[in-house]
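Asks: If you want the building blocks of each chain, they are given just below.
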Amino acid sequence: MNHLDPIRHVRGESQYLDDVPEQHGTLYAAVVESPLAHGRLLAVDASAALLRPGVVRVILAADIPGTNQIGGIVPDEPLLAEGHVHFRGQPVALVLAESEHAAHAALAHVRVDVDPLPVLTDPRVAAAQGELLVPPRTFRIGDSAAAWAGCAHVFEGVAESGGQEHLYIETQGAYAFPTEMGGVRIISSTQGPTAVQRHTAHVLGLGMHQVEVDVTRLGGGFGGKEDQATPWGALAALGAFLTRRPVKLVLDRMADMRMTGKRHPYSSDFKIGLDADLKIVAYEATFYQNGGAAADLSPAVLERTLFHSTNTYFIPNVTATAYSCRTNLPPNTAFRGFGGPQGMFVIESALACAAEQLGVATTEIQRRNLLREGDLFPYRQPAELCHAEQAWDTAAQRFDLPARRREVDAFNQAHRWQKQGLAVMPICFGISFTKTAMNQARALVHIYTDGTVGVSTGAVEMGQGVNTKIAQVAARTLGIGLHRIKVESTNTTRVANTSPSAASATADLNGKATELACRALRERILRLASTELSLDYEGLHIENEQVLAAGKPADSTWEKLVSAAYWQRVSLSENAHYATPDLHFDATTNQGYPFAYHVYGTALTTVTVDCRRGTYTVDAVQIAHDFGQSINPQVDLGQIEGGTVQGIGWMTLEELVYNDEGRLLSNSLNAYKIPDLYSVPPVLDVHFLDTPGHPRAVLRSKAVGEPPLMYGIGTYFALRDAVRAFNPDSTISFSAPMTPEKVLVNLYPEFVGAGKAAAVARG
Amino acid sequence: MLQFYLNDQLIRTDQPAGSTLLDFVRYNQHLKGTKIGCREGDCGACTVLVGELPAGEAVVRYQSMTSCLTPLGNAHGKHVVTVEGINAARGTLTPVQQAIVQENGSQCGFCTVGFVMSLTGHALSARPSTPTSVLASMDGNICRCTGYKSLERAAAHLHEQLTARPATEAVGWLADQQFVPAYFAAMPARLQALRDAATAATTGGSEATIPTAAPVAKPLDAPAAARARILGGGTDLLVQQPEHVRAIPVELVFDQTQLRGIRRDGDVIRLGAATTAQQLLESEVMLAVVPALPRFLKLVSSTPIRQMGTVAGNFINASPIGDLTIMFLALGAEIELEDAAGQRRALPLADLYLGYKQLAKTADEQVTEIRFPAPAAASDHFNFEKVSKRTHLDIASVNTAAWLRLEDGVVRAARLSAGGVGPVPMLLPRAAAALVGQPLSTETLRRAQEVAQQEISPIGDVRGTAHYKRLLLHQLLEAHFVELGLLTD
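As you go down the protein sequences, you meet chains F and D in turn.
Position 647 of the first sequence, counted from 1, bears residue number 647 in the UniProt record's numbering, the numbering being contiguous throughout.
Position 130 of the second sequence, counted from 1, bears residue number 130 in the UniProt record's numbering, the numbering being contiguous throughout.
Just chain D, with the same shape it has in the complex:
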């Protein structure tokens, strides 16, 4: 039985954990404010807020998510908020709604609720509002009518109002300002009570910490585990095979605390497999070793999808153009796999990919950890490049990452990765080798570019012709050198 709050109502449901939160909200609960635009996380019309009470904390952390790709099971123990859950009394509007109305930021209205929820999520965010962050909060919302300028103006108004938001007790202030109804103040206690009840039920009241794990995560026997689909954020599986995922038992890993967290362990950075892209972005550990990470991750999906998609999910999806995969390949990552019997083994990420969507792992093996050697600040350089038809929230035509270790102007070690130029996300070992031992020069780059052309085998598809992808990789390898300041114009 899944239990969670939907707006101010406690929900207890036997609906499948792999069904979508969107269908539950619209067709089970008949809350029709949340709209269906694409069912693939690309339009944001179905955006809702999902609030989680971190263990031992007193403030619910709300994130915008596209409910079309949110497995219902991932709502367990949380506070799901739809527009019906923030609407004030009839005839009044929240400041977010007021700003959109005032600026005519809504025309046909079908996408509008998604924008309202994204901006409300921004208002509830723990971080201070900035002119950039208020816009970023709606970067997962598509509008076909307005051209966004009116929504930009509405967001600017909102940012002005949010400058007055106190750093603590923000929910009280937000309720006073009518951004959210008063019941939000009671949600931490309600979620805690939900958690306590679950703890009492499973442990007989012992003090063991129970993660907000979904109830279907109970141990499965080995054959069952092999059959079960391991479901992370849902951002790939619920696009590709929603009907199937809905019909089978799923093992939810999104909320397993042992699979979360990013830490530095000597010279190794360790990530739980269920780490989301957003958690990467907010990690001090990651920012210390890859300072440009926010710039790179802005090119990766959208705010809601970054809050849902996991790093391991990106690896296992095995898309030849997985952005995170390409980054971690160049970072020299390896993954730890665990089978149903608890046997563990380590595998270099590059060795995971055997062919198009073919993985060097058994069906019951699950990624538990991702680790990579911490780049050395003094000598190591890292860059990520991606070009897609649309710069943001799009799938790359070609993406590539470069890690270079330099000493005295000479390349001592190098890893180059590339996506969209072969059946798998790949390293370019020969191109990298062409750099090693060479001084930084245009000639060195040219040689690596030539070698890279021999290593790749792009095909033409909707993201570009083979010729274009070759040219693009050629250019992006050069871009690495320029971005790293290794080559002057």
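Chain F extracted, bound-state conformation:
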């Protein structure tokens, strides 16, 4: 079954934030940014801006009626700078004008005086200076320190992975309206409506009930609108609250890139020990996370790095420590994978390091150490319904790993100036918010008297197809046609206290809540049918809108029953609550059972490097993935393809560049490149593993949003393999992304440039 939204998308009829018809009297907002990455904020002078035509008001921190604070986990982030500025692009003031042009033209006329302070951009330097956002965390199992002595081989190294711009094509924005009750109604492009509501209420000094947030859909999120949609919602609301006029705030692309946080760059140390049979005995890793200027979601991202520090391998002795480092960059935030990919990159680097030094194939070590049923993760949850080996073996067999290896080797024998590389990337990703309390959701289902159904949940549609899946759950549970179901906008007045659409768990949590609500309605209606038709309730079903008694059509249909229910004064509305069972986690011991289940898979990646130019192509990515019993294979396939390509982008051409002053140099689409049509692999095969799914997954259909991103990591190692085929002595560092620059300089490490004999002796 297809994704339901594209029927409107292709006609341009889907409404995004900037498409909402504008109310008369709307003011347009533009954000004054800090010009420096760190300093004392001496003065903000808006007098010249206020003289500009069309400018109505300039709002400063002092104008905030409530609390100037939007930090989600740690209260360390003002909405508008006050006293100090901590990153370039930090909001300092809000200009409101009669037109968007007037608002933007006025920005240059607001004077911001900053007395500069030293700028930190390197997480290791920040850690050395004690600049940590939260105390460090350590996950430990066994005794790694004691285990080294028993290892036949021990290797150490450093691995670094870069940040990643979300590049949702729809930029951040919000549209706020004053309400007659003295509150605000906000249309927001956010993954977390409740976060916008809660922080806006604090900022305005209102109860949460006075702030309504509504979300129809996002033009992409990927984590970038989980917490970081909040400032724009709160700023627009602040403007509307203070002026009593509607206020619209939409960031332009370059402002969005400057002002918002991204995937966290990490710099990490690893140490790995193996026995003579290449079984991993011990692993230690220290992660330095570049958190940016405020905590945002960094502590949670850091935690997930630790949860996934061993990827899909069983290691009896692990010590993994992580530091969340405060730097003068925009606060880094959620991005598909949420710290997991960063942790996996390090363990994969450790395995590649060991393999290269031992002169064995990395796959030898990987395959021998895959998780098996009952193996403990470092946080003590056992691997249950584990498909790690099944995924690997299926991929290796189906896509003929030995033949791929032979082909690559033969190609490299035959070609001097082109080299191919091959890597296998197995993944294991835990599904649930690691903050246990967030694993709850509600669904409000109304059946109207004509038999049509409206479903409201906390899920935000951002392309992942969650509305389609929720509609399927409702239709399947009620036994009626999909055409009768409408999934409503996400609104804080209909479904309150929601968790953000994140952690791959949105369909599970909201789908389960929808299922519960629909089951309750179904039961109520069938009990009525049982009474009205004098039939035994136990044998009653609805299928295709027909009431069945013991499998045979009874004299009633969905429409008749719904109508009867109304006249019999039976409630046709249901509000259901779902909380994932069995979860617990103790953040003091870092032990527990944090995940509902794990998702497994394995990808083979083949690349070809042009060894004259340092350019490359990703030729094939072949994946065996654990979907469980997919409720919507088409939607799920799209998630795998899209996630994989996003991961390839992170590992190859997406390079975030800040200078030492904390200024973003990759500040536009011409300087920051995401994959285009021609950069995706010609072959991207996805095999649906035969797995039973998990009872804690909605209709046993496993979560699919984040896991595929990590298949992209294979591309880095395939490129590394190809570079080493050209230059076996390469001392190439474990540093992603593997840009064409990194490839070329590692192909020709001896090149010295001007003034000396160009030493490209290989030629």
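Everything labelled a hint here was simulated from the structure, so no lab data went into it.
Each hint should be verified, as a subset may be incorrect.
Stated by the list, open to error - Selected chain F positions facing chain D (in silico; Cβ < 7 Å):
1) His3
2) Ile169
3) Gly638
4) Gly753
Glycine is no exception: its CB is placed at the ideal position from the N, C-alpha and C atoms.
Dock chain D against chain F, hints included.
Replies: For chain D alone, kept in the frame of chain F given last:
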């Protein structure tokens, strides 16, 4: 007053000629299907079709353009098509839309309309569809959700359907198949009527041919001309200073017929200054002298941007890594400049660049023509190399072109150009000189590579470190020799 058709509506507007078509469509006409992604022509979410009726022809030629960089003035006399202009009755989809829905080629949907328009433009193209061309039609569209595989599948379906498209009367067939609404058939007559009315208004009905020039192209006095910004395709100016361009009078050159056209004049190839990259690509004259041009131009921007950006605009933008500039430097091009008084002079392209974004021309001088000696098929060799972070639709880290004249295995003349290795797009005269009179050999190449290192002064920036750019130029000079078959592996 600008006049053009937007979908099936005649538009008459006094909006500034230098404002963007995107803003007009979204905020003046409230057609919200066209989305804003980046406002710099890099994402394609705002793609629309712009149809032009060539003088004396009966078929409207549609091209995809990013409306964020299209000056509104360049719509004058044309047919602008947004998604609202191709949508069929509610509840039905065009074959393009159907293919995308069927293959799940849309997730969040924000980029989707851009893909729909690009593929519809492909359906309307005069050239037969090929599996390659249908993909190329969406090479200016970025999608962050799908990973493109589903869009590739949709494009493949579409190509299948388009194999049945007749070579002539294609619009009728396309309307029958519901690719476009029936009103498309009436557009040639409507555009002709628009043109006839303009002709009647300005000439009193004489037979003089009036180009589809924008009305603001009326003669300006010299000081006004100096102040006016000459606006070609808009692909650089509307990225760099949209607010400024919107606020000033602009002189539009994109549709001036005297500035278009590519012809061979003896041993000289002449290009009108407003020639677009796409016109280069489609020129028999150019393909005859530079047969590998399609391969080179595929590395230059995207399909919509190639249909908008002009060759002279690329020169005058003076980017140190302008791809077309680098090619034409090695081709030995010179430009003709004309000032407001009509005085003309010729200037070698290499002499145009004085320093970073500093030009050897006065403010009122405008490029009118570009010319270069036609490479001789028997003896001359030309190659272009470009490496960027992303192979397509990206700005080069380093680009370079080489023109070599060979006789009996000896280099008789040479021009080497390089971009990204200094403040201006530059020739490497000493490296070229190191080749001249030498036999083709690895040693000759090595000497030129060494000399080139002395001629360049790259700086580190977001496109790479200085060290990388040095290494890259070194490698790309070698690549020229290999690509030209002058050096065996």
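Asks: Out of the numbered hints, which ones does the structure contradict?
Replies: none
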